[in-house]
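Trainee: One letter stands for each residue in the lines below.
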Amino acid sequence: MSGRIILVGDDIDTDQLAPGAYMKGGIEALAAHCLEGVRPGFAQEVTPGDVLVAGRNFGVGSSREQAAEALKHLGLAGVVALSFAGIFYRNAINLGLPVLTAPDLSAVTDGAAARLDVAAARLELASDGAAIALDPLPDNLQVLLADGGLVPHLKKRFAKERNKEQGQCAEHRP
Amino acid sequence: MTETSASPRPTTLAQKIIARASARDHVTPGEIVTARVDLAMIHDSGGPRRVEPILQDLGVGLFDASKVVLISDHFVPGDTDEGARILELTRQWAKERKVAFHDGEGICHVVLPERGHLLPGMLVVGGDSHSPTGGAFGAYMFGVGATEMAGVLATGEIWLKVPETILLEWRGQLSAGVTAKDMMLALCGRLGMDGGKYQAVEYAGEAITALSMQERMTLSNMAAELGGQAGLIAPDATTAAFLEKAGANMGARASWSGLATDAGAPVQEHHVFDASALAPQVAAPHSPANSAPVTEAPETPVDVAYIGACTGAKYEDLRNAADILRGRRLGKGVELLVAPASKRDQDRAAADGIMAVFEAAGARILPNACGICAGYGADRLGEDVTCISSTARNFKGRMGAASSKVWLGSPLTVAASAIAGKIADPRDFLPDEGERS
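Chains A and B, in that order, give the protein sequences.
FYI, in our numbering the residues of the first sequence are 27 to 200.
FYI, in our numbering the residues of the second sequence are 32 to 468.
This is chain B alone, in the form it adopts within the complex (with noise of 0.2 Å):
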């Protein structure tokens, strides 16, 4: 939070970046506006197959083409024939409309900000509801379904109720083999699934301070969890310098300072939490609100270790696992499996050394994709299978037959947890300090 002294009425980030988006001085929570839309993103899935039909009937096309960011993800790599179908389409549309378009290099909500589409201050959807992740950059971003998404596409404009704000200060730091994840499955467990409210859930606090940007991407990400609409986080010097190697637009870098909620602010809530006192965390199945330290969960015997998704398989959830992997073999039985977020995480961590713990390690690597983690493809869990996994939701089925049963936990927890053959505390396998990737 900034003091802002220009300012004569104290707003949060949202209502600063809503009032910008809908050409007003000044929204209220509770008030319904119509906001211009600065960025629009859409993947295979909900994207061209849904929405170039409704663009038909309406006699439309794009409001912008330079404003609309097309991802495929969710059906690569095409493992089925519907989805290589659904994959043609996506490559075929891309061309005719003319919008950037980033074909099989990644998960939407990792590519996005990485190929620096995103930027402070943006008003941006997305067509999935993990959108909340662009809100570790400062944008306000949103998910929402096919058919909005193709109303948007066709008008530029989207209605908003502007929100309140659940404010989530987090004080001290995280001690070591504790992230974000950890502090995730946390607030799912004591707020609930429906305690974002469909609010702008806003992180703040020293320790919010700290994480890197993909540390607060995770944060932000699964704001979708916590049933918030947004998950926005004030940019700041390390967003500035992530960007910057992004290559994105950085001319409005001025505008960015006074874009924090001012103090005094309103917001609905304000909870604070101790960084500190945090412990590795463990969502037991089938709800991401399941959570507790791991050293209360039961004695779990794991199948299956997923490392993937736009929550649990960037670049630094690579590197925090291979830390824990590094030397060590997998337990008995145990199957990991690896798919990196991004080809360019990948790539980078390829070049780290860390890509190659994983194959010393025995694990399959997996396409740059949702994979699993939608359950869109022909990779899915078996009857009985029980899985460790980094990715945000472990609703019944979702990854594969119903009787599978899906934990939650860090990448870390998921490397310790194929170690031992058992969910397991990853604290118990942090590397010395040399031996760090």
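So here's chain A without its partners, still in its complex pose (with noise of 0.2 Å):
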């Protein structure tokens, strides 16, 4: 098991993963800040490959992807929830960080090991070796994903259509 589980609850919003206050700055120091009002010490207590476990809402309010951004920053494996807030998901795709739903969460405790597993769609458990199941994700996003987000995938694409061009420049040479 790669890290563990840190457990928060329903409606974590945008100004809590990335305080107003701090949005001036870079990364880093917006970072240090996440969560800091729901779970002193979260930025913290992070290690990489770390789960972030929620209950309904995640994500709520601002469109600020530096929320999602942050925790890509501190090293979390991704963020399974019960559901997410729509920009907030879709920023973290974007930032290649994943996110997945759940139906029911119960079986998860703080602080238990962990490992996310996306391609699987699974949460696996270190006791007696269980593994949650989550929802799948469209393929469109899991192309996006895999890619490590929207930049690289964008890079790939134009990568190809200028490829495609120059093979047709090349074709109608004489």
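Any given hint might turn out to be false.
Below, a sample of chain A positions facing chain B; criterion: calculated Cβ distance under 8 Å [to be verified]:
1) I53
2) G81
3) N83
4) V86
5) G87
6) S88
7) E91
8) I113
9) R116
10) K182
If you are wondering where the hints come from, they were derived from the structure by calculation, not from laboratory data.
Treat the numbers as computed from the prediction; the structure is a model and nothing was measured.
The C-beta atom is built at its ideal place from N, Cα and C for all residues, glycine as well.
Can you join these two chains into the complex? Each is in its own frame, and there are hints to help.
Mentor: Structure below.
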């Protein structure tokens, strides 16, 4: 098991994830205050590979993508929640932070050893080898995540388009 | 809703706009489509400082500079060093990228339609969560983060999951002292902050038809607090009159007539509310969903009364608040802050004697910007301050210290509370017919 569960509640909002007072600075400074109002010491407590597990409507509020960026910066493997607010969800995928939903997360306990298997849409728990089945991501979002987010995805697409254009130019050359 | 015999398959307003934008005859809720974007709006926080490095990384320019509008509002007036630097960068970018730029003229959601950029039927993305405001004009407008915006600016496209429609029908008429803001706080309480399920919320019914454009904007704006992707209202004569005055291109006017949800179109949920039974609402800290009629609020002294934000400081918001305040004094120790949502609205309010009412009451007038609502600048609520605010959201610590407590209400309720020194029912302070501005 590469990480452990950090459990938070319902309606975790973007002002908790990315407090407005620190929006002027870089992600390092902002991430240090991530969730401090909900769980003091959160930024210091996260170790890479940890999985944030939440209740309903995670990421409600602002469109500021620093909310997702801070979590990624801290090294979280992803967020698993009963539901996500729409803009946060899109932002997370675009930044390459896995976000998955599950209908029931009552078996998850804070601090338990766990591993998030994004490809298989499973949250593996150390205790007796149990795993929680997560809702599979739609195909287009799986592609985005597999590419590492929107920017690498677009780079790939533009490179393909350029190659194609160059190929066509070459063909038309006498 | 309209009867359209020409359409063989009744469809929702959201489906019609998205089908057109994705060059399809018909789209079905749940399917994922790629749409062409008619307009992209960005501001100083999520805009140039965040998107330009991504565009550089991608090695591309704007898909169409004429379809991009930049508005500075989050860091205006630049009262911190970093904020001033971000504004400077924003101004440079506007010049270099040759986009329409409104600098210090007000909050993006108010300025965009006020300056005629928005049209019914458009598919619009905004780099801000309150972007559903554009839905008041019958545009499918929704908020995205900076990376997604950079993708839009690079390609002119965005993917969408075709939404279901959640129809919120308001019958009857609002009574005096009750506004669109009260409707939204009541909806947040009833449906919750995820009641919109990231689908298309649509407002309809006689109480909606009766609302002015600025009141409709408040409804659509707070579709964000309901968790909807968009907050739509079918365009009508009220919409057309507003846009004509704003100098919008009215050439496509004829195409708006069918822009409505057809009778019999499949909606996921249909809720019916009675506008005439609605009382002014307040939402207790720290969620808009903590709403209840103001008559049920506990005795709550307030330190600060804030009339601001795209939600609650447009011209009509200012006028309504001034009608309550005129000739009255602020409660002892209450600080009244007024941040008109746009320069144009403030100028109009000044010409109509409304700003003079605030000044006579001893209010501090703040810049035409997001101000304390975003909490990005030097002005923030101090420790243990209790504030009644006309803004959209009252999350813990958003407007200042984590120990500050923000109650939400309509601009009228904020004004009444400023006079009473505690949360108060605006209906106890309504002016007589002849005294209104």
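Trainee: Hint compliance check: list the failing hint numbers for this structure, sorted ascending.
Mentor: 1, 2 and 10
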